[in-house]
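There are 2 protein chains.
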Amino acid sequence: MSPISEKRFDIVFEAQARSSGKMRNDISLRFTRTNECYELATDEGAFHGGDGTAPPPLAPFAAALVGCVMTQIRAFATRLRMRVRAVNVQARLHWQAVQQAQEPYVSAPVGFQLDIELETDEPVEAQQRLIDAAKKGCFIEATLARPNIVTHRLRTPHGWRDI
Amino acid sequence: MSPISEKRFDIVFEAQARSSGKMRNDISLRFTRTNECYELATDEGAFHGGDGTAPPPLAPFAAALVGCVMTQIRAFATRLRMRVRAVNVQARLHWQAVQQAQEPYVSAPVGFQLDIELETDEPVEAQQRLIDAAKKGCFIEATLARPNIVTHRLRTPHGWRDI
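Residue numbers (this note's numbering), protein chains in the order written: chain A, 104 to 266; chain B, 104 to 266.
Don't take each hint at face value.
[As the list claims (entries may be wrong)] Not the full set, but computed from the structure, chain A residues with beta-carbon under 8 Å of chain B:
{"hint": "1", "residue": "Pro-106"}
{"hint": "2", "residue": "Gln-119"}
{"hint": "3", "residue": "Arg-121"}
{"hint": "4", "residue": "Gly-124"}
{"hint": "5", "residue": "Asn-128"}
{"hint": "6", "residue": "Leu-132"}
{"hint": "7", "residue": "Leu-143"}
{"hint": "8", "residue": "Thr-156"}
{"hint": "9", "residue": "Pro-160"}
{"hint": "10", "residue": "Phe-179"}
{"hint": "11", "residue": "Met-185"}
{"hint": "12", "residue": "Val-201"}
{"hint": "13", "residue": "Val-209"}
{"hint": "14", "residue": "Gly-240"}
[Stated by the list, open to error] Below 25 Å or equal to it, Euclidean Cα-Cα: the simulated DSS-like pairs (lysine-lysine) are:
{"hint": "15", "chain 1": "B", "residue 1": "Lys-239", "chain 2": "B", "residue 2": "Lys-110"}
{"hint": "16", "chain 1": "B", "residue 1": "Lys-125", "chain 2": "A", "residue 2": "Lys-238"}
{"hint": "17", "chain 1": "A", "residue 1": "Lys-238", "chain 2": "A", "residue 2": "Lys-110"}
{"hint": "18", "chain 1": "B", "residue 1": "Lys-239", "chain 2": "A", "residue 2": "Lys-125"}
{"hint": "19", "chain 1": "B", "residue 1": "Lys-238", "chain 2": "A", "residue 2": "Lys-125"}
{"hint": "20", "chain 1": "A", "residue 1": "Lys-239", "chain 2": "A", "residue 2": "Lys-110"}
{"hint": "21", "chain 1": "B", "residue 1": "Lys-110", "chain 2": "B", "residue 2": "Lys-238"}
{"hint": "22", "chain 1": "A", "residue 1": "Lys-239", "chain 2": "B", "residue 2": "Lys-125"}
[What the hints assert, rightly or not] Reference listing, derived: stretches of chain A covered by chain B, where coverage requires no fewer than 3 residues with Cβ under 8 Å from a Cβ of chain B:
{"hint": "23", "segment": "161-175"}
{"hint": "24", "segment": "217-224"}
Calculated directly from the structure, the hints in this document are not laboratory data.
Just so it is clear, CB atoms sit at the ideal spot from N, CA and C, and this is done for glycine as well.
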């Protein structure tokens, strides 16, 4: 028996971001694998003290989650030799925040529901296998399945401090 | 002693998304609190079989994470009566995928590092308190600290199936 071939690959995004305007942030991103760069921005509406020049951060977050799983569904359909004409997703992302007196609030996710519809003639069981594969392959889904992977450092006068 | 007042509020984003083009996804978002809507898209470069008409999903994900914590730093600086002239963040988001033979690959986060620099005259300890508050208040950071909050349903001929 020949051993099963195993390939590993790394995906790295680098970001450089700077606050601008009242609540706007300008974020330059680079995908190290292809050296492709993307300029994105976030802002807040008047409701949260911003100028509404760009979507608030939760909008690109929701788009990223939905877009990532949809992308993997299509990429893996090809690999699994399934014909999927189109993918439709409706999603609802729900968070809750709690504020004591005038303290900064503390937030938590309540739940994210993705309702997926495949335009395909494949049986439901095959569709489910495809979505299971997409969930495991989707970098954002995989990220949300694991706690505490974000780390931080603060620039201090004496160098970077882990916080 | 009077009880400490506690306020709770919900943040809900709704998305409707449809695949278009080879790997492009068009995503319409609505923030239910203000009824503001945002149109975002993702695509892939030629490397992953797309047309490069929009950033790949991990770009808005990275922008959302970085932008969210930067936004909360500024929002909470005001609340904590700290003066912060600007916020700069450098970030590196690293994932790894493993593929057996020609199977769909399985992905996992390796680590996300956020290097934060505040342009401020506040002492480092106050800056650290501010960032600690921003980490707890940031909806995306709070999301990444908790596993398994994404749920899925598949549209089948007999209705929605939990998957």
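Taking the hints in turn, this is what the structure says about them:
Taking 8 Å as the C-beta cut-off, the interface hint given for Pro-106(A) is violated, the closest approach to chain B being about 10 Å. Checking Gln-119(A) against chain B by beta carbon gives a least distance of about 6 Å; that is within 8 Å, so the hint holds. Hint status for Arg-121(A): holds, given a least beta-carbon distance of 5 Å to chain B, under 8 Å. Hint status for Gly-124(A): violated, given a least beta-carbon distance of 10 Å to chain B, over 8 Å.
Here the hint on Asn-128(A) is kept, as its CB sits about 4 Å from the closest CB of chain B, short of 8 Å. Residue-level restraint check for Leu-132(A) holds (minimum Cβ-Cβ distance to chain B is 5 Å; threshold 8 Å). Hint on Leu-143(A) holds. Least Cβ distance to chain B is approximately 4 Å, under the 8 Å limit. Nearest Cβ of chain B to the Cβ of Thr-156(A): about 12 Å, over the 8 Å cut. The hint is violated.
Checking Pro-160(A) against chain B by beta carbon gives a least distance of about 4 Å; that is within 8 Å, so the hint holds. At a threshold of 8 Å, the smallest CB-CB gap from Phe-179(A) to chain B is about 4 Å, leaving the interface hint in force. The interface hint given for Met-185(A) is violated, since its Cβ lies 11 Å from the closest Cβ of chain B, which is over the 8 Å cut-off. Hint on Val-201(A) holds. Least Cβ distance to chain B is approximately 5 Å, under the 8 Å limit.
About 5 Å separates the beta-carbon of Val-209(A) from the nearest beta-carbon of chain B, less than 8 Å, and the hint is met. Given the 8 Å rule on beta carbons, the hint for Gly-240(A) holds: about 5 Å separates it from the nearest Cβ of chain B. Among the hinted pairs, Lys-239(B) with Lys-110(B) is consistent with the structure: their alpha-carbon atoms are about 16 Å apart, no more than 25 Å. The straight-line distance between the Cα atoms of Lys-125(B) and Lys-238(A) is roughly 20 Å, inside the 25 Å bound, and the hint therefore holds.
For the proposed pair Lys-238(A) and Lys-110(A), the alpha carbon gap of about 19 Å is at most 25 Å, so the pair holds. For a cut-off of 25 Å, the pair hint linking Lys-239(B) to Lys-125(A) stands: about 21 Å separates their Cα positions. At roughly 20 Å between alpha-carbon atoms, Lys-238(B) and Lys-125(A) fall within 25 Å of each other, so this suggested pair holds. Between Lys-239(A) and Lys-110(A), the direct Cα distance comes to roughly 16 Å. Compliance with the 25 Å bound is thereby established for this hinted pair.
Distance restraint check for Lys-110(B) and Lys-238(B): the Cα-Cα separation of roughly 19 Å lies within the 25 Å cut-off, and the hinted pair is therefore satisfied. Our distance criterion of 25 Å between C-alpha atoms is met by Lys-239(A) and Lys-125(B), whose separation comes to about 21 Å. Counting residues of the segment 161-175 of chain A whose CB lies closer than 8 Å to any CB of chain B gives 14, so the stated coverage by that chain holds, three being the minimum. With a threshold of 8 Å between beta carbons, the proposed coverage of the segment 217-224 of chain A by chain B holds, since 5 of its residues qualify and at least three are required.
In this structure, the hints that do not hold are numbers 1, 4, 8, 11, in rising order.
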